[in-house]
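Visitor: Spelled out from the first residue to the last, the chains are:
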Amino acid sequence: MTTTHQGELSDRARFHLRFGWWSLLAFLTLGVVLEGLHGFKVGFYLDVDNEVRRLTWTLAHAHGALLGLVHIGLAATLHLARPRGWAVILGARALTIASVLLPLGFFLGGIGTAGGDPGIGIVFVPVGALALFLGVLLVSVSLRGKPT
Amino acid sequence: MSPWLAGFLAGAAWCCAVAGWYLFRGNPWWLRGAAALGLAGTVGIGASMFRPSPADAELQVPLPERAPNGGYASSDTCRSCHPGQHASWHRSFHRTMTQVATEEAVVAPFDGQVLSERGRAFRFARRGGAFYVGEVSPTMTLEGSVTPDFFERARRVVMTTGSHHMQAYWVEGNDGELEQVPFVYLIREDRWLANSDSFLEPPHADNDPLVRYTWSGSCITCHSTGGPFDASAAYADPTPENAVTELGISCEACHGPAQAHVDANRDPSRRYLAHAKDTGDPTIINPARLPHERSAAVCGRCHSVHPDGEGERVHDFRPGDNLHDYLSIDAMLQMTDEASPWADVDWLAFDDRDTVGSFWRDGSCRVAGREHTSMIRSGCYLRGEMDCTSCHSMHEGDRDRQLASEDRTDDAMCLGCHDAIAADVDGHTHHPAESAGARCVSCHMPYTAYGLLMATRSHRMDGPQATGAAGRDRPNACNLCHLDQTFGWTAERLTDWYGAAPASPTDEIPAGVHWMLRGDATQRTLAAWHMGWGPAREAVDVAALRPALESLLEDPYAAVRQVALTSLRNIDPSVELDVAAVTRDPHRQDTGDPALEALRLARDDTEVAIPE
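Protein chains in written order, with this note's numbering: chain A, 1 to 148; chain B, 1001 to 1612.
This is chain A alone, in the form it adopts within the complex:
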C-alpha cells in the first residue's frame, strides 16, 4: 500500500469507491431490465411458475445495489477513520467477496429453478452471507480505539 497524505484517498479506499459505484451502475441497470420485464409482461419473469426467479432476481438487484452503497460507505470510512491492522484488510476483502457472491448467487438461483426451489447457483448465497457477516464484523472491530 502506498503512503498517502492527509486528504488524499488511499488505494484501498479508491478501490472500494470504484467498486461501489460500478456495482451501483451494474445493479441499477439490472433493475431497469427487471422493470422492463414487468413493463412488457414477460412470462419468463412474471408467470406464477417463475415466482422463484422473480424473487431471486429482485434479491440480486437489491443486494447488489445496497452492497454497492456499502462499498462507498467503506471507502468513506477508510478515508475518514483510517483504521489499520489485519481486521480492516480482511474485513474489506470479505465485503468484496460478499458483494460478488450474494448477487451472483441470487441471480444464478433464478436460472434452472425447480418448482419452489431456486437453481443450484443459490449455493453462493450462504457463502456470501457469511462473508458479509464477517466483513461487517471485522470492519467494526477495526474501528475500535482512536484513529492513527
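Bear in mind the hints are in silico, worked out from the structure with no lab data behind them. Hints are not guaranteed to be accurate.
Said to hold, decoys possible - Partial chain A-side listing against chain B, Cβ under 7 Å, derived:
#, residue
1, E35
2, V48
3, D49
4, E51
5, A114
6, G119
C-beta atoms are modelled at their ideal positions from N, C-alpha and C, and glycine is treated no differently.
Since the structure of chain A is provided, determine the placement of chain B on it from the hints.
Guide: This is chain B only, laid out in the frame that chain A set:
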C-alpha cells in the same frame, strides 16, 4: 375470542395506559388519566375492528370442521413449493366444487324471488354478504320487498356445491345436519330450477314430498378432500364434527396425503438430489408417473359408476391404489355387458337399478361424469396405454373441460398410434377434411352420455354402428349428426366404407325423428340436444325435423322438455316460450301431422332415471 388473545389484548391495553400516564408526567392528574384511558381505548377499538362479525360466526358453525388431519397437509402447504401447479388448480372448477357460501362463491342472485315446488314456496334473499333461504306461504307469488323479519325466520346459506354448470346451496337443518336447498341455480342459463327437474327421472306427482338431501359420506368423498377416515362413521353421522381437510377437490385428492412429503422435503439436500435424478418422489403420488390403470383410477375414484351400495368403499381409496380393490368393477362390467342375460331386464324393479340404469344396452355408460367406467371398456385403454391424462390435464388444461394442449387432444393424438389410418385420413373418414365429421372424436366419442341438462361425449372409444333403434340402445354417432337419415342409410355406409355387417332392416323414418318420438327418455333427450348442436345443424336441415322437436315440449320428463326448448331456441332465437312454464308443465303441442302423432303414440315409456 380465544383466552390467549383476550389476555394479550388486556396486557396491551394495560401497557398503553401506563405509557400514557408516564408520558404525561408533570401534567395535571386528569390529563394524565385521560391520556392513559385514550391509549388503552385505542387498543380496544383496534381489537373490535379485527373481531369476526357475528354473521361470519353464524356461517362457520354448521360447516364441517376444516383442518389438516390423517396425513393430509392442505393445498396452502403445497403452494410454497409448487406455485405454478397451485395457481392452475386454483382457477379450476375442482377447487370450487364445494365452498363456504361467501359473496365470491355464490353465483345466484338472491334478490328476493319466490320459487315454488310441490306446494311449498321458498324465498331467496341476501343481507349484505349473507344469503338466506326461507319457506314462505305458498300463496306468496309477488316478489315484493323483503322485510327484516324474513331474515329472522330464514336459514343462512352456509355452503355451495358446484360452480361450473349449476350451483346447489346448503343450509343447517333442524337436526344440525347440512341439507340441500330444494332449488339449484343454472349458471349458464341464469335461472333457478327445482332439484328434481334438474335430473332425468320420471315425473313426480304434485303431492310428492320434497326429497331431503343431506351432506353425507358420499358428498364428502368426492366433493371435499381429506375427509373423515372412518367411512362408516361418516355415513352414519354426517355432521359438522366429521372434519375434512378442505372443502372442494384439492391437491391431495389426486396426489394423496402429503404431510410425509412435506416433512421429508424440509431437507434441501433431499430436494436438490430429487431434482437432479428426476425419478419422482416416493413420498407423494404423481399420477403422471403411475401405470396407466392406476393413473386412471385416481380420477375413476369419483368419475365412475359406483355399484350400488359400494359408494362408501371408495372413501378409503388413496391415489396409487387399485380401484378394483374397492369397487366390484369387473362384476359390474359383466352384468352390464351387451351379451349379459340381464340386458333386457327392467332394472328399475331391482336394487341394482342405479347401476344398470347407468348403462346403454351395449355396456357404454350413459351418465355424464362417469368417464372412467366408459374408458376402461375402450381398446385404447385395454390394449394401449391410454389413461385420463392422455387428453386431460389438471394443470395445463382449459378451465372448461380440463383438456390438455392441442397437440394432445387433436387428431394427432389418436393418429400417433393408429398409423395405418394416419396414412390415409380422408380415405378413412369419408368426410371433408375440415368438417366436424372428419375429427376422430366425432365418430369414436359421440355425445351419448347425459347429465346436467346436456349431452357429453362417451369416453368409450369405439367404432360407430347403426344402432339405436331399440330402447336402451345407444344412439349411433352417424345419426346423431345426420339426424335426418335413417338407420338403414347409416348401415349401408358403414358396410360400404368399413365392411361392417349389414344391420337388420328398420323402417324408413329419420333416426332423429325416431329417437325424439319413439325413443326412451334418454334417447329423446340426446336427440333433442343434438338438434341444437352446431355440427348437426350444419349437416342437416333441422327445420324439417322441427315439429318432432317441438313435440318434446309436451314430454312427461321435465328434463326432456328443457333440453328441447334450449335446442329450439338455438334453432330459432325468436321462440318466446317461457322456460319456467315449460319446465313446470308439459306444453301442449299439436303438430298437425297425423304421421308424427302416430309415432308419438309409440313412444317408449319405460321409466328412465339417470343416477347423477
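Visitor: What hint numbers does the structure not satisfy?
Guide: Hints 1, 6 not satisfied by this model.
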